[in-house]
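Engineer: What follows is the residue order along each chain.
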Amino acid sequence: MPTLYEQLEKDVRYQEGMKACMNCGVCTAICPAAEVSDYDPRRILNIIQERDETALETLLKSDEIWRCGECLSCKTRCPRGNTPCYVIQALRALSIETGFFIESEQGRKQLAIKRTVGDHILKYGYCVYIDEVDNETYPEQGPVWKWLRKNRDSMMKRLGTSYHKNKAGTLRNTARESLDDLKKIFDETGGTSRFEKIEKFSADKAREMNIEFSKGKDEYWKFLYNE
Amino acid sequence: MKPRNNDNWTAYQKEIADDHYYFARSCIRQNFFPAAENLYINILRDLLGKDVFDDAKQTSCTGIAYHSGLIPMETIMTVIARQFSLMNEAGYENFVVSCVTSFGIYVEMLETWKHFPETEKNTRNALKRATGKTFEIPKNIVHASDVIYKFRKEIAAKAKYKLVNANTGEPLKVVDHIGCHYAKIFPSHGIGGAEYPYVLAGLIDEWGGQQVDYPERRHCCGFGFRQYLLKSNRGYSVTNSKKKFDSMQPYKPDLIIANCPGCTFFLDRWQYVIAEQEGKTYGENGYGIPVLTYEELAGLLLGYDPWDIGLQTHQVQSEVLMEKLGISFNKADKYKGPGGIDLGVPENPVTLRC
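Protein chains in written order, with this note's numbering: chain A, 1 to 227; chain B, 1001 to 1354.
With the rest of the complex left out, here is chain A (with noise of 0.2 Å):
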């Protein structure tokens, strides 16, 4: 069994973001996230270069390595060249791997991205779709939108779009073809089993903390989404 840094070795993210950090913390005084939430990308950088596996764990398992925003400033802005995010990412695939993503309130969360953006994906071709972004899961949309919605075969029409329709053009139908070649993609290079990963390691937590699991928006997708 390889160790987790065995395993976060292989991750090319981690080779390319993760050379020498000197700890001067501009990362972190650039980051979005640092700024309205406990997060510390210096810090984290810092207990990765010290090579300690239990302490490794303890990150898998934290919801600090999830409250980046993946706005990747501190690429630039690093005097190293070190890239945080890129040590984020890889952090994140392993705590999916896993299975310690489901010990942290945050990691949890990835069950409600998946049954959203995720499924979302292989249904339609996009990752956001129209007849899935109602108002009450996305309030912000306000009514323009809402109004958007009710008439949007309609309004489609008006401007021109290939809504529904099978040809070229905006929100056209992904055809069979192409979405049975992205299923095929993800069956072939991890995207299919990290979902799978995703959905195990959630039914068995959804169980522990007694909260109803099935598929869709269900229990545990709500508590997960809303809390």
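Treat the hints with caution; some may be incorrect.
[What the hints assert, rightly or not] In silico DSS-like cross-links for lysine-lysine, where the CA-CA straight-line distance does not exceed 25 Å: (1) B/K1334 x A/K183; (2) B/K1133 x A/K157; (3) B/K1128 x A/K183; (4) B/K1334 x A/K150; (5) B/K1173 x A/K184; (6) B/K1231 x A/K200; (7) B/K1162 x A/K146; (8) A/K10 x B/K1128; (9) B/K1336 x A/K197; (10) B/K1336 x A/K157; (11) A/K146 x B/K1336; (12) A/K222 x A/K146; (13) A/K215 x B/K1231; (14) A/K217 x B/K1158; (15) B/K1150 x B/K1133.
For the record, the hints were derived by calculation from the structure and aren't laboratory data.
Given the structure of chain A, go ahead and fit chain B onto it with the hints provided.
Structural biologist: Just chain B now, kept in the frame of chain A:
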């Protein structure tokens, strides 16, 4: 005097192909600003006489899922390899990306293939096994706004209006928001790099406006991917946008133009949320500051009907801006469907004037 290192970026340009573009669409733009991409294609084809291929076979690049920590790097690499393969099949070499997140993804994967050649080999094998496809890397890869920037003078020459207040003759004050993934990840792929991004500022200068250089100009809009996608985490997103609005407000901007579909959406919708939650508005007299995409601005100045290019689908409405520009519009036509059918009107927010 020898220029300082950073000063070199002020004049930095990149190669932008002159014609024959394969157009890769954006998930967010198609949904939230559904007329924008057709307008973009129409400006390129009809006004500039360019050849643009709009492919029915393409899919999402999956970038939002990738940056939310949801899918493996190998998966997104192979998805974009499939997009390159579709471009090859269509006979094109110049790839134009309609989304800043997506543009960052394409550039990042190309750079990764350079630094870790085995990842390109693995991607080629995975694509072949999964779909039977092969691919060639594009000769030129740019963001959609780069092409508008390249032809900004041609657009100005055909424009009916300038970014000038028709009543006072003063240039309008315009905020540009570039989007983090346009140049912060790979500065050499952005006009002006990360320090002096000029892709939108160049449009403001050429079309008669005045740039607003405010303290938080380069700060993130706050998308944060998984932070916005979860209702419980959205405070992250609105807080970052608010930081920008508070910083730009003293300069009294007439307009915000945004490069990235997500940024356009957040800078528009968070103004509505802040107005309703805090009672605070950032435009004049209870209005918000209109937020337009680069081609929506080009379309307005070129004289397109504002309701045919979808400006009514923004939450912050643009009538105040159009009055300043001297653009006449038919208010009664704003919320009509095809053939003039009545679709009712959206409810008015409590605080934000629309």
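Engineer: Does each hint hold? Answer for all of them.
Structural biologist: Structure-based check of all given hints:
1. B/K1334 x A/K183: 41 Å, violated
2. B/K1133 x A/K157: 34 Å, violated
3. B/K1128 x A/K183: Given that 25 Å is the threshold and the Cα spacing comes to 14 Å, the pair holds.
4. B/K1334 x A/K150: The hint holds at about 16 Å.
5. B/K1173 x A/K184: Status violated; Cα separation ~50 Å.
6. B/K1231 x A/K200: The hint holds at about 23 Å.
7. B/K1162 x A/K146: Distance of about 33 Å is beyond 25 Å: violated.
8. A/K10 x B/K1128: Holds - the C-alpha atoms of B/K1128 and A/K10 are around 23 Å apart, at most 25 Å.
9. B/K1336 x A/K197: 47 Å, violated
10. B/K1336 x A/K157: 11 Å, holds
11. A/K146 x B/K1336: OK: A/K146 and B/K1336 at ~15 Å, within 25 Å.
12. A/K222 x A/K146: 21 Å, holds
13. A/K215 x B/K1231: 19 Å, holds
14. A/K217 x B/K1158: 50 Å, violated
15. B/K1150 x B/K1133: The hint is violated at about 33 Å.
Hint violations for this structure: numbers 1, 2, 5, 7, 9, 14 and 15, all remaining hints satisfied.
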